[in-house]
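J.: The sequence shown maps to residues 1 to 436 in the working numbering.
Everything labelled a hint here was simulated from the structure, so no lab data went into it.
There may be inaccurate statements among the hints.
Distance condition first, Cα-Cα at most 25 Å in a straight line; then the derived SDA-like pairs of lysine to any residue [stated by the list, open to error]:
#: 1; residue 1: K433; residue 2: K33
#: 2; residue 1: K433; residue 2: T342
#: 3; residue 1: K318; residue 2: H301
#: 4; residue 1: K318; residue 2: L185
#: 5; residue 1: K318; residue 2: I368
#: 6; residue 1: K115; residue 2: S432
#: 7; residue 1: K33; residue 2: K115
#: 8; residue 1: K115; residue 2: R436
#: 9; residue 1: K115; residue 2: T240
#: 10; residue 1: K33; residue 2: R154
#: 11; residue 1: K115; residue 2: A237
#: 12; residue 1: K389; residue 2: D57
#: 13; residue 1: K318; residue 2: E401
#: 14; residue 1: K318; residue 2: C170
#: 15; residue 1: K318; residue 2: T240
#: 16; residue 1: K433; residue 2: P360
#: 17; residue 1: K389; residue 2: N216
#: 18; residue 1: K115; residue 2: L185
#: 19; residue 1: K33; residue 2: L185
#: 20; residue 1: K33; residue 2: L110
#: 21; residue 1: K389; residue 2: H301
#: 22; residue 1: K389; residue 2: P128
#: 23; residue 1: K115; residue 2: G11
#: 24; residue 1: K433; residue 2: T372
#: 25; residue 1: K389; residue 2: L110
#: 26; residue 1: K389; residue 2: P303
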Amino acid sequence: MNFTRADFPEGFVFGTATSAYQIEGHRFGGAGKTHWDSFAATPGNVVRAENGAVACDHYHRMEEDLDLLADLGADAYRFSTSWARVLPEGRGPVNEAGLDFYDRLVDGLLARGIKPAATLYHWELPSPLADLGGWRNRDIAGWFADFTATIMDRIGDRLWSVAPINEPWCVGWLSHFDGYHAPGLRDIRATARAMHHVLLAHGRATQVMRGLGMQNLGAVCNMEWSQPADDSPETHAAATAYDALYNRFFLGGLFHRAYPAEVLAGLEPHLPESWQEDFGIIAEPLDWLGVNYYTRKLITHAPGPWPNYREVDGPLEKTQMGWEIYPDGLRDFLIRTARDYTGNLPLYVTENGMAHADSPDLPDTARIDYLTRHLNAARAAIAEGVPLKGYFTWSLMDNYEWTLGYEKRFGLVHVDFDSLQRTPKASYQALSKWWR
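Could you build the full structure based on these sequences and the hints that come with them?
T.: Printed below as a string of structure tokens:
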């Protein structure tokens, strides 16, 4: 790594991230069923039908994992809370063991001098709410606001930062149009409602937290740099449509109180009645924005119905996920986001990392190179005047990678999923030396 902490602005925050269902072990501690449990149990949805029932057993190994964070030298730790762990039915009776778990987590971070950065929802919806339509049902904004009040009343006084929902594109489009994540739908009407309601729920949760006197509230959007695969007008239009759906839809709602015309061309007939009236809630003022970035996509025109695009295999080096390694996209997103949406609002890289087939005794040079190149892209954005205030790697440890089960390894720490032994990788050691 060809830089030091001194090459970043004073106070720049370095950290790492995880999510609840991917590491905790959902069958422990009285957590309720989620739509990911049923999605994973349906043949063909997940590699080997693997689920998050045990995952990394962070539920029982929390102290060990927090010590790994401290030894890494992380300034902050971005974790998520499980709605079904706190409210097993999604509404109604509280699971006190769930609240106690997050209480201990936050206190454990603070005792080690690590800033707790919470995300309220990272994709595991309680099954009883999925039965009522989940993100298709407008009532979910109220249900989510109630969950927010419950969990934040317990831990909100000690958090450094909070974002309501991780990666709304995955909650809305990937899960309801592509059918690739739970609930596994391919329905344009469901998609339009889910994409709108996830922003409405974000706004309601933010209002609840403001009412509790909380500060440093933000949003986290995933972004993929979109480039046309050739120079034809049709391909350029397809790449623009992909960018609008993936990146500009959610930023437009949060910061411009409007959705891009390229998206409304397909979704507007299916959006809920009077959807425009919700922007006053959706655009609740924020204190920061998080950008999750991993890759770019080459896009070409596709015949047939809207949205008329498809991905093309690109020529660049790829990660274990098959994603191209394109650090310039991170720089360009940070510059564009500040210029077109957020202005002087602080930005954070809230996720960035690579899946790589590895074992504890391998040098892990590919991951070190990936992180180095993307941290240099972050430095380049700062040099262009972007108010970037922090960078979080994904992920602290190998974990459950949703539809791909336990095959894809993003961790700085290797996890043996038979013994659950944790072994820091060379990338962990490199960051530990550099962060100090």
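J.: Each hint should be assessed against the structure and marked as holding or not.
T.: Each hint, compared with the structure:
1. K433 / K33: 41 Å, violated
2. K433 / T342: 33 Å, violated
3. K318 / H301: 23 Å, holds
4. K318 / L185: Cα-Cα ~28 Å, so violated.
5. K318 / I368: Status holds; Cα separation ~14 Å.
6. K115 / S432: Holds, at about 17 Å.
7. K33 / K115: The hint is violated at about 30 Å.
8. K115 / R436: 16 Å, holds
9. K115 / T240: Given pair K115, T240 is violated - Cα atoms ~38 Å apart, limit 25 Å.
10. K33 / R154: Satisfied, since the Cα-Cα distance of roughly 22 Å is no more than 25 Å.
11. K115 / A237: It is violated: about 43 Å lies between the C-alpha atoms, which goes past 25 Å.
12. K389 / D57: 32 Å, violated
13. K318 / E401: 17 Å, holds
14. K318 / C170: At roughly 21 Å apart (the allowed maximum being 25 Å), C170 and K318 satisfy the hint.
15. K318 / T240: 23 Å, holds
16. K433 / P360: 18 Å, holds
17. K389 / N216: 13 Å, holds
18. K115 / L185: 37 Å, violated
19. K33 / L185: 19 Å, holds
20. K33 / L110: It is violated: about 30 Å lies between the C-alpha atoms, which goes past 25 Å.
21. K389 / H301: Cα-Cα ~37 Å, so violated.
22. K389 / P128: 39 Å, violated
23. K115 / G11: 13 Å, holds
24. K433 / T372: 13 Å, holds
25. K389 / L110: Holds. K389 to L110 sits at ~20 Å (cutoff 25 Å).
26. K389 / P303: 42 Å, violated
Consistency with the previously given hints fails for numbers 1, 2, 4, 7, 9, 11, 12, 18, 20, 21, 22 and 26, ordered from lowest to highest.
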